[in-house]
Amino acid sequence: MTTDTAVGRFGRYGGRYVPETLVPALLELEEAYAKAQQDASFGEEVTRVLREYVGRPTTLTPAHRLTEAWGGAQVWLKREDLAHTGAHKINNTVGQVLLARRMGKKRIIAETGAGQHGVATATACALFGLPCEVFMGALDVERQALNVFRMRALGAVVRPVESGSRTLKDAMNEAMRVWVSQVQDTYYVIGSAAGPHPYPTIVRDFQSVIGREIRAQTLATMGRLPDAIIACVGGGSNAIGALHPFIPDTAVRLVGVEAAGHGLDSGQHGASLTLGTEGVLHGSRSLVLQDEHGQIQEAHSISAGLDYPGVGPELAHLAKTGRMEVRTATDDDALTAFYEVARTEGILPALETSHAFAAARSLARDMGKGKHLVINCSGRGDKDVATISARGVPPATGVKS
Amino acid sequence: MSTELGKAFAKAKARGEGALVAYAMAGDPDLPKSVDVFAAMVEGGADVLEIGVAFSDPIADGPVIQAASERALKAGATLRRVLDEVVPEVRRRCPETPLVIMTYVNVVMAMGEERYAKLARERGISGTILPDLPPEESAGIRAAFDKEGVDLVPLCAPTTPPARAEAIAKDARGFVYCVSVAGVTGMRAELPPDLSQRLDLVKRAASVPVVAGFGISNADTARPLVAHADGVVVGSALVKAAHSDGPAAAKQLCADIKRGLKR
Chain Y
1 MTTDTAVGRF
11 GRYGGRYVPE
21 TLVPALLELE
31 EAYAKAQQDA
41 SFGEEVTRVL
51 REYVGRPTTL
61 TPAHRLTEAW
71 GGAQVWLKRE
81 DLAHTGAHKI
91 NNTVGQVLLA
101 RRMGKKRIIA
111 ETGAGQHGVA
121 TATACALFGL
131 PCEVFMGALD
141 VERQALNVFR
151 MRALGAVVRP
161 VESGSRTLKD
171 AMNEAMRVWV
181 SQVQDTYYVI
191 GSAAGPHPYP
201 TIVRDFQSVI
211 GREIRAQTLA
221 TMGRLPDAII
231 ACVGGGSNAI
241 GALHPFIPDT
251 AVRLVGVEAA
261 GHGLDSGQHG
271 ASLTLGTEGV
281 LHGSRSLVLQ
291 DEHGQIQEAH
301 SISAGLDYPG
311 VGPELAHLAK
321 TGRMEVRTAT
331 DDDALTAFYE
341 VARTEGILPA
351 LETSHAFAAA
361 RSLARDMGKG
371 KHLVINCSGR
381 GDKDVATISA
391 RGVPPATGVK
401 S
Chain D
1 MSTELGKAFA
11 KAKARGEGAL
21 VAYAMAGDPD
31 LPKSVDVFAA
41 MVEGGADVLE
51 IGVAFSDPIA
61 DGPVIQAASE
71 RALKAGATLR
81 RVLDEVVPEV
91 RRRCPETPLV
101 IMTYVNVVMA
111 MGEERYAKLA
121 RERGISGTIL
131 PDLPPEESAG
141 IRAAFDKEGV
151 DLVPLCAPTT
161 PPARAEAIAK
171 DARGFVYCVS
181 VAGVTGMRAE
191 LPPDLSQRLD
201 LVKRAASVPV
211 VAGFGISNAD
221 TARPLVAHAD
231 GVVVGSALVK
241 AAHSDGPAAA
251 KQLCADIKRG
261 LKR
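Respectively, the protein sequence lines represent chains Y and D. All residue numbers for the first sequence refer to the UniProt record's numbering, where the first residue is 1 and numbers rise by one. All residue numbers for the second sequence refer to the UniProt record's numbering, where the first residue is 1 and numbers rise by one.
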């Protein structure tokens, strides 16, 4: 029973900081997951559902016009926005719900920020016939109306959470509280590579399909690995999924982009890798936004999925050890990037993803011609149209009015 | 290990009573007024005081204590201020009553576990309960606390398998906190029927007192437990009483629960 070397650690980060009531459930999950991994039929089933239902592999699209506009590295888009339900989140929920079914659990709970994980969980539950409840901050319920409808249409119960900042972190608190009281028959599907061990490992493993596909696709199209991969980071599941398979390939630059919100100096951002300090939130030790007294601060981002004051422990470790470079993009940067991608590539990226695009421009230029940059296009922007259009749409391009 | 805690339980036992560990939130409604609540609970018969230090994200707490945390944070309650302004004053008014801090691990880590342990000892804190710190993660913090003689009180849950419960009990400091229900803090109409068996098991293994907590709100819910535990923890019911009707209501409720704890 030691601290830094215990199971589920990524360097100093990770661990299992939860009420004792949950510890046996986490031990049970750890064991069930280990058994599932050794059982070839489980992996085959996950792969089959991802292929037949989710639409994997998602394509690796060359972004010709962005490449030309930015005048640097050749830009490629890993199209997680083309996965069923419109984001990478489904990779993980299919895996975890299959695991829950294997464990004989009778119901599923989840928390969601932007709603993409909630939709993905509700979808997997509908597909496999399990009842589903999704906890969502009341503020996020207001700003993500489309996804709230989608979850309800899929048969899930959406429970708005009124405590705290009424966003993702409060939804996660509430999901944990409910899980504590119904732990015997309930499976909690965590959507980020965060939370207590073994979740950061499980979520990373299921999301690593993204990075494995990038590897195979770049080898096939470029004849080599890319020079850099960039992804947005909230809790970090799309980032760890895209980046993890490349950790040993030190020639491949791994770049994470956090939400700088109204600016890093404004106190209103979601940049826990850049400005966070070591602490414990939602069951793991990682980098968190907190005051000197250990009270968790409210994060801010225009994108509900990046509006989280913590980050997955493995990403904290990669950032602290320097294996991953960390950049930031403000709300305004993300909006500008949203329209740039929409109008040069015909793709409406999610606001989360728009942060990755915002930082990718300067990265592509720094890298220069002859290099290959892959942007993980984590999700599509349909859910964000109300937020974005409320700020006014720039006039049409190249058309006389 | 703190001798104060052991003495308090022994005194209650000698009087033929189970001990009452009474919880209130430091800083609810403000720092000075919360001292009045703690003092009133001792007047009502509380044997040990559990001083809650608010955390912004209290995953083990139900609605009553969540709301109290929000009020305390608004009133400026921090671990440092509780140790500097609440604890010495409670100590002065209730010199015979051992004090235990209950908060979350991040609050202690932010101060630094060694610095906390030292300050806690200097201010007269006997023990600390961190509900989100299971044994697997507690070695470092416990060593720091042991060095200063501040007991890290472990928790046992209804989901804890017997062998694990025995290991937790054998290795415990201060007392063992047996969580009565799988769930968050808060009042319950009924406690699970197998609670007494679980308490018996932990009590057989433990070398320190054993208390039951979560869901106990009055004499009726406390009464059946005295045969199986050395005491009970009451939190939400006291926080609610103090919030609605002030310190006198908390005192009254303590006195009522103490009647239920007579053997």
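Since the hints were derived computationally from the structure, they do not count as laboratory data. Each residue gets a CB set at the ideal place from its N, CA and C atoms; glycine is no exception. Be a bit skeptical, because a hint or two may be false.
Unchecked claim - In silico negatives: residues of chain Y with every beta carbon more than 10 Å from chain D:
#1 21
#2 25
#3 82
#4 169
#5 173
#6 182
#7 215
#8 220
#9 335
#10 361
To be verified - A short list of chain D residues far from chain Y (calculated; beta carbon distances all over 12 Å):
#11 132
#12 228
#13 249
To be verified - The calculated lysine to any residue pairs, modelled on SDA-like cross-linking and capped at a C-alpha distance of 20 Å, are:
#14 D:74 with Y:186
#15 D:74 with Y:106
#16 D:33 with Y:291
#17 Y:106 with D:159
The hints, checked one at a time:
Residue 21 (chain Y), annotated as away from the interface, has a beta carbon of chain D within 10 Å; the closest lies near 4 Å. A beta-carbon of chain D comes within 10 Å of the beta-carbon of residue 25 (chain Y); the shortest separation is about 7 Å. Non-interface status of residue 82 (chain Y) relative to chain D is upheld: no Cβ of that chain comes within 10 Å, the nearest being about 36 Å off. Against the 10 Å criterion, residue 169 (chain Y) falls within the reach of chain D, whose nearest CB is about 7 Å from its own CB.
The Cβ of residue 173 (chain Y) sits about 5 Å from the closest Cβ of chain D, inside the 10 Å cut-off, so the non-interface label is violated. The beta carbon of residue 182 (chain Y) sits about 8 Å from the closest Cβ of chain D, which is not more than 10 Å, so the claim that it is off the interface is violated. Here residue 215 (chain Y) stays apart from chain D, with its beta-carbon at least about 35 Å from theirs, past the 10 Å limit. Every Cβ of chain D is farther than 10 Å from the Cβ of residue 220 (chain Y); the closest lies at roughly 44 Å, confirming the non-interface assignment.
Even its closest Cβ contact with chain D, about 30 Å, leaves residue 335 (chain Y) beyond 10 Å, as expected for a residue assigned away from the interface. Separation of residue 361 (chain Y) from chain D is adequate, the least Cβ-Cβ distance of about 36 Å exceeding the 10 Å criterion. Under the 12 Å C-beta cut-off, the non-interface status given to residue 132 (chain D) relative to chain Y is violated; the minimum distance is some 5 Å. At the 12 Å boundary, the C-beta of residue 228 (chain D) stays outside the reach of chain Y, the nearest C-beta of that chain being 19 Å off.
Against the 12 Å criterion, residue 249 (chain D) stays outside the reach of chain Y, whose nearest CB is about 25 Å from its own CB. Using a Cα cut-off of 20 Å, the hinted pair residue 74 (chain D) and residue 186 (chain Y) is violated, with the two alpha carbons roughly 35 Å apart. Taking the CA atoms of residue 74 (chain D) and residue 106 (chain Y), the gap is about 40 Å. The hint is violated against a cut of 20 Å. A C-alpha spacing of about 25 Å is found between residue 33 (chain D) and residue 291 (chain Y), which places the hinted pair above 20 Å, so the restraint is violated.
For the suggested pair residue 106 (chain Y) and residue 159 (chain D), the alpha carbons sit about 18 Å apart, so the restraint of at most 20 Å is met.
Consistency note: the structure conflicts with the earlier hints numbered 1, 2, 4, 5, 6, 11, 14, 15, 16.
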